[in-house]
Every structure is written in C-alpha cells, then in structure tokens.
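Peer 1: If you read the protein sequences in the order shown, they are chains Y and G. With my numbering, letter number 42 in the first sequence gets 42, and the count goes up by one each step, no holes. Each position in the second sequence, counted from 1, maps to that position plus 1000 in my numbering.
Just so you know, these hints were derived from the structure itself, not from any lab. The structure displayed is predicted, hence computed values, not measured ones. We put the CB at the ideal spot given by N, CA and C, even for glycine. Don't take each hint at face value.
[Stated by the list, open to error] Chain G regions said to be covered by chain Y (calculated; three or more residues, Cβ under 8 Å):
| id | segment |
| --- | --- |
| 1 | 1047-1059 |
| 2 | 1066-1078 |
| 3 | 1097-1111 |
| 4 | 1162-1170 |
| 5 | 1295-1304 |
[Stated by the list, open to error] One-sided excerpt, in silico: chain Y residues whose CB lies under 8 Å from chain G:
| id | residue |
| --- | --- |
| 6 | G81 |
| 7 | A83 |
| 8 | Y199 |
There are 2 protein chains.
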Amino acid sequence: MIDTSRRGLMAAGLAAAALPGLALAAAPPVGRQVPGLYRRRIGEIEVTCVSDGSIALPPAVFGEANLPETRRVLAEAFLDGNAPVPCALNTFLVNVGGRLVLIDTGSGDWLGPTMGQLPANLAAMGVTPDKIDIVVLTHLHRDHAGGLLDKENRPLFPTAELVVPEVEMAFWTDDANTGKVPQGSRGGFPYAKQVEAAYRGRIRRLARGAEVLPGITAIDAFGHTPGHTIYRVASGPAQLLVFGDMVHVPAVQTRFPDWGIAFDVDPAGAAATRRRVFDMAAADRLLVAGMHVGFPGLAHVRKAGDHYALVAAPWQSAL
Amino acid sequence: MIDTSRRGLMAAGLAAAALPGLALAAAPPVGRQVPGLYRRRIGEIEVTCVSDGSIALPPAVFGEANLPETRRVLAEAFLDGNAPVPCALNTFLVNVGGRLVLIDTGSGDWLGPTMGQLPANLAAMGVTPDKIDIVVLTHLHRDHAGGLLDKENRPLFPTAELVVPEVEMAFWTDDANTGKVPQGSRGGFPYAKQVEAAYRGRIRRLARGAEVLPGITAIDAFGHTPGHTIYRVASGPAQLLVFGDMVHVPAVQTRFPDWGIAFDVDPAGAAATRRRVFDMAAADRLLVAGMHVGFPGLAHVRKAGDHYALVAAPWQSAL
Chain Y
1 MIDTSRRGLM AAGLAAAALP GLALAAAPPV GRQVPGLYRR RIGEIEVTCV
51 SDGSIALPPA VFGEANLPET RRVLAEAFLD GNAPVPCALN TFLVNVGGRL
101 VLIDTGSGDW LGPTMGQLPA NLAAMGVTPD KIDIVVLTHL HRDHAGGLLD
151 KENRPLFPTA ELVVPEVEMA FWTDDANTGK VPQGSRGGFP YAKQVEAAYR
201 GRIRRLARGA EVLPGITAID AFGHTPGHTI YRVASGPAQL LVFGDMVHVP
251 AVQTRFPDWG IAFDVDPAGA AATRRRVFDM AAADRLLVAG MHVGFPGLAH
301 VRKAGDHYAL VAAPWQSAL
Chain G
1001 MIDTSRRGLM AAGLAAAALP GLALAAAPPV GRQVPGLYRR RIGEIEVTCV
1051 SDGSIALPPA VFGEANLPET RRVLAEAFLD GNAPVPCALN TFLVNVGGRL
1101 VLIDTGSGDW LGPTMGQLPA NLAAMGVTPD KIDIVVLTHL HRDHAGGLLD
1151 KENRPLFPTA ELVVPEVEMA FWTDDANTGK VPQGSRGGFP YAKQVEAAYR
1201 GRIRRLARGA EVLPGITAID AFGHTPGHTI YRVASGPAQL LVFGDMVHVP
1251 AVQTRFPDWG IAFDVDPAGA AATRRRVFDM AAADRLLVAG MHVGFPGLAH
1301 VRKAGDHYAL VAAPWQSAL
C-alpha cells in the first residue's frame, strides 16, 4: 500500500516542491523580522532599545586610501568588504519614573524602507508618539532627527518637549556655518530651522553637562558634529552610557579609532572624542549603548593595545 | 506664577519620587522582556531562533582547578566570575517548504522559571505545539529534551514525528550505560524511556549522517553525549550549522577548547569534536547557531592561534 499521508510523504523525504498538487506549505514562512525591541533594566530605570532599521554604507566611507585595511578588518568580522556594509540604527526609549524619554528619533522617511522603522517598533510595544514626554537628541544629523517631522514638516511627536544640545542647535541654525560641514550634510541647516519652527514653544536648549531630567545627564562628545552629545542614564549605582555616534561601523572604528567617517564635521575632533569616551568606558567598565552598534546596541568597551573592541552584552531573557 | 503643569515640573527637574501626590508614573515600566524570537533566512529556508530562556552556571563547572583562568576570561568578557554565569538556551524552528521542524525542545518545567520559555515564545509567533511537524534532537540532555513531556510524562507535541539520533537513543535506553555518565546526568536513562513510551509509533531513529528531511542533515558530533549530533541546514549555496552544545559558555570554551564541562559524558571526546567542528566552521566561514550561544545564538567562528573566538552575527532588521 502506498502511504499518501502527510507523514508518510515526509518520511519518504519528498520535497514540497515535488508535490505541487498537494496542500503542502501548511506553515507558510512568516517572511518578516520580529519587531526590533529589547529591554534592559538600569536600576529603577527601564530602557528599551528600539530599532529604526539598518542601512548599508560603502566601505569607502572611511576614505579611499583606507579601503584595503577597511576590507581586511571587515573580513575578520565576517562582513563583505566588497559590498555595502550594514550600519544599524538604534534609538533608546527610557522610562524614568513613568516619564518616557526617547533618545533620538530615527530617520523618518528620509533614508528609504530599510530605515524609518521607529514608529512601527514603538507601536509594537503599544507606544504612540503622543505618549512620549521628552525627545532628546544626540545631534541633528537626519538619521537621528529625521523622525521629528513628517513630509509636510509637521511635528510627529505632538506633545513632547524637544531637548536639543544648545551647542548643536546653535550651530545648525546659523547659515554662516554652512561651509564648515561636508557637502552631503548641508541639508542639516534648513532641516534644523524646520524643526525649530515645528516645535516652537516646546524646545529646550540643553546646556553642556546638564540634566535632561534626573537620571539622564548630558556629556559633551563634540567632533562628529559640533554639539554631538552623549547621555549617562543612571539609577543608584547602575548606569548606561548612551554614546550616540562614537562608532558607525564598530568593526572598523574600534580597530582604527583615529579614522574619521565621511559624515564627521571635524574628523580629528571626533577621533579624539572617540578615544576619550572609549577610554572612560573601558576604565569604568561601563555598559554602553550605541546608535550604530548592532541591535540591540548594548556592549562593553575593551582596550586592546592602541585600539579597542566592543564586547556585545549578552541578551537577557528576563529583566 | 508657579508652573504646576507636568511639563513645568519636568523642566524644573523635579523627580517623580518627590511628588507622591501627583498622578505621575503615567507610563508604568513594561517590566518584562520581549519574546525571545529572531528570524534569519537561509536561502529558501526560514529559521527562527526561539529562546527557552537562560540559566546560571557556577564558574566551577569547568573544574575547580580551572577557576582562576575561568574567572580571568569571564572578566575579559565583562562577566562576573565570582557569581553564576549566564548560559543561554536556544532552540531553532526551521520552516522547510511549509513544514515546521523544531531542533530541540528546551527544558520544559525541569529547570525552573528562567527556562522553559519555548512554549510561550512559540505562542508569541502564533505557533502551537500541534503545528510542529518534526521535533529533532541534538541529544537527550534534559535542557534540550525536557520540553517533550509534561509533568505527567505525556507528549507535549501531539502530532509531531520525533527524530532522535540512533546512537543517542540506543545509549540512553540501555541501563547498562548508567555508570558511564556523570552522576547528575543519570536521570537521562529513565527519561529516555519515558520519551520512548510517550512518542511510541512516531519516533524515527536517525542514522549517522542522514537527512532529517531534504535541507536538514545530521553530522556526528559525539563526545558531550555519546550520540550528540549537529545539523546542517542548507538551501542552495546558503547554509547554517546548528551546532548544539559545542559550547556552553562561549567566552570560556572558545579560549580553552580542550576543557570539558561537568556535563560531558566524554570530556576528551567532546573537546576533540569541538576542535573539529570549530575548525570546519572557521575554514568554511560557516554561519553557526549554538544552543548555548547568547540569544539569538548566531555567530561565526574565528581561529585565533591555538584557540577560537565567536563573532556574533549582526542583527538583521529585515529578512
């Protein structure tokens, strides 16, 4: 007797493709990734890493002259240096005593469908933009601030206070600075003014080293942009250093911390800041959160001779 | 005028804790981790890493004599060698042409509430146990096979075919082998017989090197247990090596690949297998999936002198 039951066919090792007439593919592939969400408790503070997606950067973003070395270290990290390199984009939602503080907003609709996933990921955890109490920016580059406005330049966070480092806001709202930034970043000047207009009356220009609110404190990390700012999230002895754009491609910039990336306004300043922040994180064994560190973006920094390595923090299946 | 609005109080930097009378904590902490799910496409095959949770192992599990070295490499990985060390537990759900194959079942209710999360995580993706077509085991240790039975030893997968490597099944169903395993593993003998009884009539004893079904092929990896088996998932040129218990604490066993762990039935054999599988994965630059590699468990193996390192595969926000 020929066994035509599903199990019988399976045991016979017949592939679904060979049996077009049968109702196979009983479980179609899901076909999509899970929401980019991950949680970590920092003392009494709950931090959720919320992915905005990922984009691919050309390896030459670290300079044509550095391409051979770039490709070598990418290969060591099992990345293909002859193709665009994945660059994650994370934001961090911080719940401090019931108030929701979103650090960076993702890229909005500015960088295509592989990015701009913040709203969908927030929705997957039941958070709509009107629930956000404070939006705070590391800097005004559009991949971090593009999620502030819709296509008609209306605010996407209807009630949030917008906290922008004052040095950063001053720089990008002054057209006299246009010549100081890479050609590709000049859209930042009109964008800053659109943000200023859209959020008028609820923008706080954050002084250097000031508190966003108790538990979140700014630290200067100038260079990548003139007012690039990172944030210490602290509750009791527990802390997390949300270190913004210290790296864009960790495999490359930990190995060659002195290299700039094409988007740096001041590559040498960015490199000096990178070493200062890495040294601090390594010495204090700080948990860090990087906007461009592979999701969920949490790691420690290890000093390795004259360079560094990021050691991803293990996924915790419970808070 | 005193601004008593919510924003005014926030701007004044007053902590929620200081204002007990007000309706603060508008957004209570979520208080739980996201479901432990992550997807990766291997050619036409969709693999979902499904976490069963995590457990903590005493650092002495690698031997009292190795404690100083164990602590040193744990510290390098920013883990506390003076406390129990987290050990993740992953399973992998493989969709091959519409058939759902679950590799390992997690620990069931055998290891307490930080483990046994497979059913809840499967449910979070809409998969109930009756949807699983094939359950295939790497080995019969209870953290991998404990999810087969409920407390009354009834099968938790009501319709699945159960595929067990034949060498493994033969070993654990023969009481003559009792003296060959560590004291703490002897419960494996009665457990194997309970499994055999519960799944009678739908158990397939998998020959060495055989196909589970087209796309999933067994590879001997004996040592950790006598029939410990790993699986190559392949679709066209794409492949993933689901390498079972090649490591339990990657930071330790990549650095000291010749060390056994207390649960090894044959520590020397396990170490030789570890080197063979690591060498193969490193030489072929294979993507590997480890049951005890930090969730989602996907990595590449790098050879580093006489030892190895695992390089976590970056999270992909799209399939």
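Peer 1: Now look at each hint and say whether the structure bears it out.
Peer 2: Results for each hint:
no.	hint	verdict
1	1047-1059	holds (count 4)
2	1066-1078	holds (count 3)
3	1097-1111	holds (count 4)
4	1162-1170	violated (count 0)
5	1295-1304	holds (count 4)
6	G81	violated, 13 Å
7	A83	violated, 14 Å
8	Y199	violated, 13 Å
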